[in-house]
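Given the structure of chain A, go ahead and fit chain B onto it with the hints provided.
Chains as they are written, first to last, in numbering that gives the first Met the number 0: chain A, 0 to 480; chain B, 0 to 480.
Hints are not guaranteed to be accurate.
The list cannot tell twin chains apart, which means a pair is met if one copy fits it or any two copies do.
[Said to hold, decoys possible] No more than 27 Å apart at the CA atoms, straight line, and that leaves these computed lysine-lysine pairs for DSS-like:
#1 Lys22 with Lys8
#2 Lys63 with Lys146
#3 Lys146 with Lys46
#4 Lys223 with Lys471
For the record, the hints were derived by calculation from the structure and aren't laboratory data.
Number of protein chains: 2
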Amino acid sequence: MRAVNRLRKTIHYYQRERVMMKKQIRLNGFTQNTVAPHSPGLWRHPKDKGRQHGDLDYWINLAKLLERGKFDALFLADVHGIYDVYGDNHKTPVKHAVQVPLHNPLLQISAMAAVTDNLGFAPTYSATYTQPYKLARDLSTLDHLTKGRVAWNIVTSYLRSEAINLGLEEQMEHRMRYERADEYMEVVYKLWEKSWEDDAVIADEVSGVYTNPNKVHPVHHSGKFFSVPGVHLVEPSPQRTPVLFQAGASERGRNFAATHAEAIFTTLANNISELKTFVADIRERAKRAGRNPEDIKVFPGIVPIVGETEEEAKLKYQELTSYVSYEGTLALLSGHTGVDFSTYDPNQYVENLETNASHGFLQKYTIATTNKLWTVREAVLHHGLGIGATKIIGTPEQVADELELMANEGDADGFNIIQAASPDTFEDFIEYVIPILQERGSFRKEYEASTLRENLFGKGHVHLPDNHPAKKVSIGLAEKV
Amino acid sequence: MRAVNRLRKTIHYYQRERVMMKKQIRLNGFTQNTVAPHSPGLWRHPKDKGRQHGDLDYWINLAKLLERGKFDALFLADVHGIYDVYGDNHKTPVKHAVQVPLHNPLLQISAMAAVTDNLGFAPTYSATYTQPYKLARDLSTLDHLTKGRVAWNIVTSYLRSEAINLGLEEQMEHRMRYERADEYMEVVYKLWEKSWEDDAVIADEVSGVYTNPNKVHPVHHSGKFFSVPGVHLVEPSPQRTPVLFQAGASERGRNFAATHAEAIFTTLANNISELKTFVADIRERAKRAGRNPEDIKVFPGIVPIVGETEEEAKLKYQELTSYVSYEGTLALLSGHTGVDFSTYDPNQYVENLETNASHGFLQKYTIATTNKLWTVREAVLHHGLGIGATKIIGTPEQVADELELMANEGDADGFNIIQAASPDTFEDFIEYVIPILQERGSFRKEYEASTLRENLFGKGHVHLPDNHPAKKVSIGLAEKV
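Extracted from the complex, chain A is given alone in its bound form:
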């Protein structure tokens, strides 16, 4: 009997080691506070509930679902304008509910946090249209309310319709947006990391001192774009700086991401080889920025389409694609690229378009990168199901195989699961694929911890590592008297 126990113990040890040595996949659920976020037209699918995005119950159920699936975070995309590049007006996006109506993505988070314990929340918040002093308070507030489960998806905003409705004469020039964003990060880092010392709040009832004023420091920021002399309004939250998400695609955007981001999202890699190149490039840039390449997690976006058999999955893909709104997707793609597709022939080949093909979203559909001649129509239908992200179509085992391949060969750290129909895509994935990944030891059976950064980087990693630029900002020593 003792021998049996010893053998069992040995087997258990190897099983554990096997699990521990396997690359652990991270998962975000990707959505937006709108009707049919990333798949125009899919609101008509019988299983889609996106129309209910104005109801708290919709979000509460979504959060519970993703926590049941042990997802790391719910990733909330956002813009603050209309996709009015197509035909130069708002009518097409309005007609097809292409990210309009579009509600604020931060305001439903506390209701979701109240019914979950571990799921993270990664809302998008533009650094172009909110003062850093305000954004810093908002995200610190959420980090307190969620007890350390908040990320910030940093964007600099790309729609002209945002700029002109939000106080700018014209959209800020791309290079300028990033230069400003770099200084923006400096300001929020100062507020989050340096303004309040860890032990500033003492709440001493006897002396009547709530906070030791000598441990709260004005940040004295004075730069090209921002002047923020004061102290942060919020005491240190569990994570201090929220987990930093980014999705830079351009040269400048990739450097920004490699410098600041802890999680990077991309839909541009079409295959394992492109993915591998992309990830290597990001890790190399991170190294050049003085960071540990493993401190950036790369999340390709994927649309999983699962069936009991491969045929069933393919049929499901066809069925889902049949709901894609062609005109709606044209409007979406026009917004994403800045190219007005209303003037193009659906049957012409994408590579022959006279546009700025250096734009990632279009480059993706040229023959050079995909070994496929795409017509405008084909590119649009592909873009219309999950904003052009890789579709993984097959049995649960096949989907799991592909994800493990992308993780192990492509060096992806995890995936942003993009939905065709909401919450149908998440439900299928959680019911059929998650158990297989768990069984194979590629995905957690229980959360490692309760803060988001710890779930992404391991128990104990509540705060940013010391080599992150946030830890290196200085607020000087002078005190305002």
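The following block gives chain B in isolation, referenced to the frame of chain A:
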């Protein structure tokens, strides 16, 4: 037996009529997302839980409590800076937790909305530091999530520390702030009331049309301060325009409030006669602005302090006052008035201060309005318990008597209940005073409806009345092509 029944019926009829004829009191719970919102030092009180304001449970329990008390709304004050006028630095407010740490007041609302059905939420949101296109989306989002239970407390912000950290070189001049605020209101009215027609969203699965684009209109706003050409990003929410709260005290502020507000908050009336004069003044101004004077509800702030006997209540008042932080309150009063009280002798009389005594908060403590000679110390201690609002100290019956007097003789429509200790003040009031007001027919036993505007103005009044300026804005007919 039939005769008895008939008599009973008659009695019942008169009782109902008595109830129906009695002026119905409205109630808001007044707080802020901070440690000790309106009573510096009270965080040390054994029953105070303000330190937990970063926890969702604190807010969830507060919302449930107020809904159990049939309150109309939870009113959330806010600033976005530090009370650093006192001694010209941040140390005193930081030390005594005088509205710092201070978290965003909008972000916990959805968690409270998820556990309540009728309670309204009235967060403060500055019209000075957020673009109207953004604020309009945020409040429309909340009005959807709460199913029509949101108000907006309009402020133009008074702290220099807000201005200099939020992108302005200096604080905007008072007159300019209001001129800008008037245009701000015009912009948000256009977005809320005119951009989307009621039946714009059709979600027709057959034709594939989600929104009829001919029923969604760009607002074409172009003014002195704002340019907002586009369409609102959110489809009509239950109330469209949130219920409008305001607390203007100055001449310009009162006109702004009388023009726009549906609920006005004040702490400046010291007695029935002053209250009556204030309310009459507001209603007169409303009339001049073309509105029905009854369409503005006036809510004086009060601090109820209840005991089983009058003596017990007085002892409780003394006990609560003993926790007031003198230095913390000086910082609060300095911020409220713009006068640095660090240079004044606590024993000198307020009326002799060489300051701009036209400021409402100071005028309040001069002999002319109160028939009492106040020293700086006395004024500060009075201000330190509920920002100088009227204290109503007595048995539950006495408190109820005084509220009915203020409602019937002073013409108050309701009260903002300001707390000494949180949630102790609300708990006592709800346990002891509410049942008496209900018994006397002065306060609801059940909510009239589920939207906030209906609870304030009666079943069916979901939207603003036609004579409100929001209904009169025009967006022109030209369409962007």
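Problem set entry | Broken hints, by number | none
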